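With the numbering used here, letter number 198 in the sequence shown gets 198, and the count goes up by one each step, no holes.
Simulated from the structure, these hints should not be mistaken for laboratory data. Since we're looking at a predicted model, the values are computed, not measured. Please note that the accuracy of each hint is not assured.
DSSO-like, lysine-lysine: derived pairs with alpha carbons at most 30 Å apart [to be verified]: (1) 471 - 314; (2) 464 - 403; (3) 435 - 464; (4) 502 - 471; (5) 454 - 414; (6) 412 - 364; (7) 364 - 435; (8) 314 - 412; (9) 464 - 406; (10) 412 - 380; (11) 502 - 285; (12) 262 - 224.
Derived Cβ-Cβ restraints for the label pairs, each shown as a range [stated by the list, open to error]: (13) 487 - 243: 32 to 42 Å; (14) 387 - 312: 16 to 26 Å; (15) 578 - 548: 52 to 62 Å.
All C-beta atoms, glycine included, are put in the ideal place defined by N, C-alpha and C.
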Amino acid sequence: MTIAVAVLCCFWQAKSHPFNACVGVRSEVMSRVFHLLMPLTLALVWALPSLAATPTTSSIEGVMSSNGGGAVADGTYLVTFALYPTKDAKNFVWAEGPSKVAIKSGRWSYDLGSSKALNPKTLGQLKSAWLGVTVGTDPELPRRPLSAVPYALVAAQADGVSCTGCINGSALAKDAISATNLSVNYAGSTSKGGPASDLACTGCVSVKELKFDGDVNLNSNSLKAKNATFTGDVAALTVTAAKFIGDGSGLTGINIPSGSCKSGQVVSGINADGSLKCVAALDPKSLPADALNEISNDLLTNQFTDKITTNTPKVAIPDNTGAEANSTLVFPDIGQAQEFALAVVVNNTDLNSVALTVLPPNDKKLGWTLCDPCGKKDAKSYTKVFNASNKPQSGDLAAWVGKNPKGLWNLKAKDTKFCVPQAPGNAQLCNTKDKTDGEILTWSIQIQTLSSKKVAAEGTLLAKGGLVLQKANTDPSACNETLAGYIYFNTKLKSLSVCDGKDWIPVVLSPLGSPQNPGLHCKDIFVKRPGATDGNYWIDPDGSGPVGVFQVFCDMQGGGWTRLDESTNFGNQVYSESSKYYNFTYSASTSQIEALKKVSSNAKQSWSCASKGVGSQNYYRGWDGKTYTQSGSGTCWHNNNSSIVNGKGEHTSFAQIPLKAWQSVDCGDSSEYCSYNVGPAWLK
């Protein structure tokens, strides 16, 4: 028996024509099935499966007709079928095909599930199902919902159905069920009023319905509750609680601590009888010197590793002259040594004839013999580190553990055999002219220090009350690799000074060259303020002296020259043939110039002159007060020449600059005139 339960009706055609569904849906689809690319109409009907079996297929019938109403051409077409959970779902739950479907006179039929079985369980989980049909490689036709017929497959599962709440009372006939044809248990019991030994019940009985008329025996089980209220006594072997609320006045059986500790003692606990347990208080004097890290949770330490290298490297070794090469090392006062190591690097044409000796600060006679001899015959390079495991030939490095190795150390090398420059490898080491054979290239002392001078913060140091640095008007010591990073406040420079491993560099709080932080001179600013450009700066050549701060122009591109401008202009005119001097005027006072010259060592100043009818040279007076003859025959004077001649040059005598004045010796007649001028004075 065939029953039509759903109809899928749609019009579709080639890509160049719109697609029209019965419900008004429009889209473009491309047909690869029909050569004529003509519009078609598809109608579908379901075939009801036999009720006597449990099938896994469902028949479907349909009609394909043209848009004009006629049937499509007879033939076999490739068709794909798919089921979706919703009309617009992207993924199908079941599909098969492309399957060959024969069409004759426009009619066709097909069993869904014939190549891939329909799964009743999958159908049963769907709230609704939509059928999609695709002809050939064209896009899928608009989906249509399934009616109840395919869901009959799900009923096949009802043979062994497990159903709770799926049938309500309205579906049962009156008196259809009675005690005679229904077998039930009574609350976990097989008889009414019997023991509920198999009761499985959660939340089925309200607490309001319970009333205990006897003790509840939980056997070895526990009672768990968020809160509990007892109006009587609580008896327990052990009571564990995070806290007790109350003043404890009603508690019994508790020993209250009593007594006191003696002077110099602290409480460390309570004895079983309630008395205080006392121990001796910590005496700071009893702490070891290296306990800072232990008591500070490793945040602070006074243990360091310091390495000091000789200040006299590459000392030539006398070639069998009886004299010794001597290289020195000054170890600073940085604390007690916990570990001690000494490293040396020496070369010689024959280390078998070389002996090395170290003289500590407290021993300038015997010292330690590091090696004698220091190598095999003709060996030329010696590098070694002496420490606790590599001991010298004589002497004990461990003697310095626990001591401060500060002071002057000496390393001596003695050669007892003449070198032969012609021997292989000896030419560069054997110097017959200077009578030397090799060198003490370098040496160093490294200690792990228990310092009494410095403390390191392993973490971040927070100084809530402020941090005060060491103050000094001179550098505390020579800047070297060991002191790299050391910082102090220089009271003379009024700035922080930092050791960069070679030099002390001021950290400018106010820009160097400002009124608040003047430089010594322009060269000082040039060195300490990298990147400074030409311009006006403030200097104070005598520091805390009486001269004070004044402003000058600095030539930074030229390397830090200080300029003192001269403001007079002696033009071409008749002057004098007497001993009169004409003074130059500068932008700085005499005391300022004197202070600047004391901290300078180089000077330069240009000069220019002109003359007409002058028959003898000019004179000028230097800053040193002496009189000098201005050279330049044919320029500043020209044997009574009748036309103007000009000359120019530069003074470079530090003693003479700045020039103070000049004198015209033969420039007093009306037919004569001359001039002499100088440019700015430059000091560095």
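Hints, one by one, checked against the model:
With a CA separation close to 37 Å, the supplied pair residue 471 and residue 314 exceeds the 30 Å bound. The straight-line distance between the Cα atoms of residue 464 and residue 403 is roughly 36 Å, outside the 30 Å bound, and the hint therefore fails. A threshold of 30 Å between alpha carbons decides the hint, and for residue 435 with residue 464 the separation of about 64 Å lies outside it, so the pair is violated. Among the hinted pairs, residue 502 with residue 471 is consistent with the structure: their alpha-carbon atoms are about 20 Å apart, no more than 30 Å.
For the hint pairing residue 454 with residue 414, the CA-to-CA distance comes to about 39 Å; that exceeds 30 Å, so the pair is violated. This hinted pair checks out: residue 412 and residue 364 have alpha carbons roughly 11 Å apart, not beyond 30 Å. A hinted pair counts as satisfied when its Cα atoms are at most 30 Å apart, and residue 364 with residue 435 qualifies at roughly 26 Å. A distance of roughly 12 Å separates the Cα atoms of residue 314 and residue 412; the hinted pair therefore holds under the 30 Å criterion.
About 35 Å separates the Cα atoms of residue 464 and residue 406, which puts this hinted pair outside 30 Å; it is violated. Distance restraint check for residue 412 and residue 380: the Cα-Cα separation of roughly 17 Å lies within the 30 Å cut-off, and the hinted pair is therefore satisfied. With a C-alpha separation of about 39 Å, the suggested pair residue 502 and residue 285 falls outside the 30 Å cut-off, and the hint is violated. Between residue 262 and residue 224, the direct Cα distance comes to roughly 49 Å. Violation of the 30 Å bound is thereby established for this hinted pair.
For the pair residue 487 and residue 243, the beta carbons lie near 52 Å from each other, so the given range of 32 to 42 Å is not met. Distance hint check for residue 387 and residue 312: the Cβ-Cβ separation is about 23 Å, which falls inside the suggested range of 16 to 26 Å. Evaluation of the 52 to 62 Å hint for residue 578 and residue 548 yields a failure: the beta carbon distance comes to about 39 Å.
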